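Novice: Here's the letter readout for the chains.
There are 2 protein chains.
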Amino acid sequence: MAKKRYQIIAEELLLQIEQGRWHAGQKLPSLRSLADQKQVSISTVQQAYWLMERRGWVEAKNKSGFYVSSDAVLETQLPRKPGCKIIPCGLSQWRISLNSTNHDPDEIPHLFGRATPDLTLSSLNPLKKSLSRLARSANPISLGYGALQGVDSLRQQIARRMIDGGCKVLPQELIITSGCQEAICCALQAVTQPGDIVAFDSPTYYAIIQMIEAMGLQALEIPADPTTGISIGALQLAMEKWPIKVCVLTPNFGNPLGYLMPDEDKKKIIDLLNLHDVPLIEDDIYSDLDFRPGRPKAIKAFDTEDRVILCSSFSKSVVPGVRVGWVIPGRYFEQVEQQKYIVSLNSATLPQLAMAEFLEGGHYDRHIRRVKQLYAHRRDLVKDLIRKYFPKGTRISCPKGGLMLWVELPQSIDALKLSTAALKQGISIAPGPMFSVSDKYSHYFRFCYGSFDEIKDIAAVEKLGELAYGLSKL
Amino acid sequence: MAKKRYQIIAEELLLQIEQGRWHAGQKLPSLRSLADQKQVSISTVQQAYWLMERRGWVEAKNKSGFYVSSDAVLETQLPRKPGCKIIPCGLSQWRISLNSTNHDPDEIPHLFGRATPDLTLSSLNPLKKSLSRLARSANPISLGYGALQGVDSLRQQIARRMIDGGCKVLPQELIITSGCQEAICCALQAVTQPGDIVAFDSPTYYAIIQMIEAMGLQALEIPADPTTGISIGALQLAMEKWPIKVCVLTPNFGNPLGYLMPDEDKKKIIDLLNLHDVPLIEDDIYSDLDFRPGRPKAIKAFDTEDRVILCSSFSKSVVPGVRVGWVIPGRYFEQVEQQKYIVSLNSATLPQLAMAEFLEGGHYDRHIRRVKQLYAHRRDLVKDLIRKYFPKGTRISCPKGGLMLWVELPQSIDALKLSTAALKQGISIAPGPMFSVSDKYSHYFRFCYGSFDEIKDIAAVEKLGELAYGLSKL
Chain A
1 MAKKRYQIIA EELLLQIEQG RWHAGQKLPS LRSLADQKQV SISTVQQAYW LMERRGWVEA
61 KNKSGFYVSS DAVLETQLPR KPGCKIIPCG LSQWRISLNS TNHDPDEIPH LFGRATPDLT
121 LSSLNPLKKS LSRLARSANP ISLGYGALQG VDSLRQQIAR RMIDGGCKVL PQELIITSGC
181 QEAICCALQA VTQPGDIVAF DSPTYYAIIQ MIEAMGLQAL EIPADPTTGI SIGALQLAME
241 KWPIKVCVLT PNFGNPLGYL MPDEDKKKII DLLNLHDVPL IEDDIYSDLD FRPGRPKAIK
301 AFDTEDRVIL CSSFSKSVVP GVRVGWVIPG RYFEQVEQQK YIVSLNSATL PQLAMAEFLE
361 GGHYDRHIRR VKQLYAHRRD LVKDLIRKYF PKGTRISCPK GGLMLWVELP QSIDALKLST
421 AALKQGISIA PGPMFSVSDK YSHYFRFCYG SFDEIKDIAA VEKLGELAYG LSKL
Chain B
1 MAKKRYQIIA EELLLQIEQG RWHAGQKLPS LRSLADQKQV SISTVQQAYW LMERRGWVEA
61 KNKSGFYVSS DAVLETQLPR KPGCKIIPCG LSQWRISLNS TNHDPDEIPH LFGRATPDLT
121 LSSLNPLKKS LSRLARSANP ISLGYGALQG VDSLRQQIAR RMIDGGCKVL PQELIITSGC
181 QEAICCALQA VTQPGDIVAF DSPTYYAIIQ MIEAMGLQAL EIPADPTTGI SIGALQLAME
241 KWPIKVCVLT PNFGNPLGYL MPDEDKKKII DLLNLHDVPL IEDDIYSDLD FRPGRPKAIK
301 AFDTEDRVIL CSSFSKSVVP GVRVGWVIPG RYFEQVEQQK YIVSLNSATL PQLAMAEFLE
361 GGHYDRHIRR VKQLYAHRRD LVKDLIRKYF PKGTRISCPK GGLMLWVELP QSIDALKLST
421 AALKQGISIA PGPMFSVSDK YSHYFRFCYG SFDEIKDIAA VEKLGELAYG LSKL
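Going down the list, the protein sequences come from chains A and B.
UniProt numbering applies: residue 1 is where the first sequence begins, and numbers increase by one.
UniProt numbering applies: residue 1 is where the second sequence begins, and numbers increase by one.
No wet-lab data here; the hints were simulated from the structure.
Only a predicted model underlies this, so the values are computations on that prediction, with no experimental measurement involved.
Positions of the beta carbon are idealized from the N, C-alpha and C atoms, including for glycine.
Just to be clear, a hint being listed does not mean it is correct.
Claimed, not checked - Within a straight-line C-alpha distance of at most 27 Å, the following computed DSS-like cross-link-like pairs (lysine-lysine) qualify:
1. A/Lys129 x B/Lys128
2. A/Lys3 x A/Lys463
3. A/Lys128 x B/Lys129
Claimed, not checked - Going by beta-carbon spacing under 8 Å, a handful of chain B positions derived as facing chain A:
4. Leu119
5. Leu131
6. Arg136
7. Gly146
8. Gly179
9. Glu182
10. Gln210
11. Met211
12. Val319
13. Tyr341
Sequences are here, hints too, so could you generate the full structure?
Specialist: Shown next as structure tokens:
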């Protein structure tokens, strides 16, 4: 699946658009001038522009050339003065989340609502084999209560891999958890008391909101840019104004925006944390799903005072079903370790041993190379389908990694209604209101393409588009 | 391992002692009169008395006969006016718990501190085989995020078994958790707000105390009788006096006392809960380890208003390593379900499927029959060893099920010091201060005999006794 020349040119142009070199409505270079510049044929440039047109990034205007589309990228949400309030989300909001993500595939065959990776790949076979062999020969130690901190061999493997994210961590500095959710939950519980203010980017992963509510905390939403992430300016203002107790961020391909925070911003965040003596809970779960080679740095890579609590798991990169995650609590090690103990004692041993073998044997690297290509392809495919089947004015995020798209519908379309109507057709999506304590995402939804099936799922996107059209006319 | 006649007679007498028919210091029937009464030979009665003497229940007085030993059973803790305070336990107390339970068997070969079942039995093989087969052929559904509530087949099996405990529950009324700890944690979080008062029996499972502290709750210890459990009178007084938000109890073979609450008391507790509109978190984890046939009823069996949240797991009856537990939240279903979602999403699917097969195939019943005999034997063996090797005045609980003994040392012996000294010899015990927010158990410890090994562990009990002797002389 090596990329064709025209695809590379299209992506270069898109990057320039996203970086602000070309603005909405601006004319792009002519076919001839770009062909000269890139040393390719005119037809190659034409193919590149046609691809960009199909994806909705550019518009062809009758014979005068190609222009940057007015809805090429999601509008940047301008920093606003953030409000601080006890969040109103409760059981009903939680019920929406559950309805959008917790389905039996037999009942809802098109599960675009949940960020599940592809679980059908043969590159997962070594993991199944390890699990099978380890279970058959399980000794009393692996059937018993394991060490609270987790299996040593796995901690070693994870510590080694964290170097790619710019983090120097010793195996004994990390604790294995039952998935990333448990890691975040323990971290948040460890550093807060009821009533404390938690700052996070908006829109954000809905479970963060539900944790904040369940723990009696206060939510402070900070606006985020769909390309570069949380507004540093807004965060700075908020930290000056409010006694923020902890920040929660997913800097790399986060949920739902999929943005990639520039390293420069990561450094600035560390400066802010240090200045105000605040810890950060960093969700690193999507970082290995960078569509380019390698992975971006974690914010923790720039952490000079050991105040970042990095949380992650193999749920997005490998499989969620084994529930193997980890937390690197930094200076909060003892508090987080105690929380892990209280919440569920140790995590299951056998899946940890199997995952350690998967990493040691090089199977993880092979699997990751495979899924990066696959997900990049699915991102493009699904974007094309949404462009094709959804009402004019629909805009889509441009994640450079991860498993999901954030889709802005024309303002008249209620995403909750779309979600309800879609479920009746066997299709799940995650409606915008799940991702915020405010009501500003009523016409947004998250679409997860990780397990998108090119045979059985394309018609479902068409159906979803039809439903959106229907709702736009109401 | 059918019981001999003399063993049965000894146990009948012990039961009468525990029920108060014979008091400490009282003369027991003569050999001849008891032989007549039981229609057995005098030598059989003599064997019964000798057995009781070895166990420390009776004392032979020169030729005048056998008397009930003054330390035959643990002293009943008289109901006192319970105090209510923010508990002082913190990281240091938690560290003690961790040091006493979280060990690598390579470093600490004699793990009497942790309530681990026997993990070496061949009756566990069908579980390993199921796990192995299921892992090898794992489909995308079992590798993905499963249903939040858990696997249907397992919920059906558990619901069916709950009938033995007197509970009529539908499969959809229970939620699978990652062990009993997660079940209790979710239940407690679901029904409390910071500052609320939680009532529990004393001594109690240490993790309850740590949860109370971590959640900012207030602890109210209610005295408990080592044979029948929590003092109903004291609980009644406490509920009249304090705005108790929730009670936490383990009525059957609980941790650490191992008492068995009479059904009459279970009913009385339900009456109190109904009267004061209070929920109960019932830990049912040891109930299947009744040394008699069958299992005792749960408090939930008498629950007329659906206010008991029953928590349990297979960690004591089968293996802890797979982390499969469950919660039956009654009227608090939605709140507990939300907590489970927040804490760790769903639990791993493959171990649930394997456990369902273990139950469906009758392997669970066979395993339970085996371990009941084994643990009853180990209880007696370890009691004999403690009698033999520990200082005069040491008293031991008489659990009729479960995995542990509660040992009272002569008052001068500091159990924490004993624990520290024992660890240096490769022996772990759980010192009394772990089990209370007060300081009244400084000369107690918990001894878990579930995985006691008759070959390698006997010398360790002797060593422990020597250490206790040494400390008694300080």
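Novice: A/Lys3 and A/Lys463: Cα distance at most 27 Å?
Specialist: 30 Å, violated
Novice: For the hint on B/Glu182, does the least C-beta distance to chain A fall short of 8 Å?
Specialist: At 4 Å from the nearest chain A Cβ, B/Glu182 passes the 8 Å test, so the hint holds.
Novice: Would you check whether B/Arg136 satisfies its interface hint, that is, whether its CB is within less than 8 Å of any CB in chain A?
Specialist: 4 Å, holds
Novice: When the nearest CB of chain A is found for B/Met211, is that gap smaller than 8 Å?
Specialist: Cβ of B/Met211 sits 5 Å from chain A, so the hint holds.
Novice: A closest beta-carbon separation below 8 Å is what the hint needs, so does B/Val319 meet it against chain A?
Specialist: 4 Å, holds
Novice: Against chain A, run the beta carbon of B/Leu131 and see if the smallest gap drops under 8 Å.
Specialist: 4 Å, holds
Novice: At a threshold of 8 Å, is the proposed contact between B/Tyr341 and chain A supported by beta-carbon distances?
Specialist: OK, holds: B/Tyr341 within 8 Å of chain A, min 7 Å.
Novice: Double-check B/Gly179 for me: the hint is only fine if its C-beta lies closer than 8 Å to a C-beta in chain A.
Specialist: Constraint on B/Gly179 satisfied, holds at 6 Å.
Novice: Given the hint that A/Lys129 pairs with B/Lys128, test it: the Cα-Cα distance must not exceed 27 Å.
Specialist: 14 Å, holds
Novice: Does the CB of B/Gly146 sit less than 8 Å away from some CB of chain A?
Specialist: 7 Å, holds
Novice: Go through the hint on B/Leu119 and say holds or violated, using the shortest Cβ distance to chain A against 8 Å.
Specialist: At 4 Å from the nearest chain A Cβ, B/Leu119 passes the 8 Å test, so the hint holds.
Novice: Can you verify the interface hint for B/Gln210: is its Cβ closer than 8 Å to any Cβ in chain A?
Specialist: 5 Å, holds
Of the hints listed earlier, the one the structure fails to meet is number 2.
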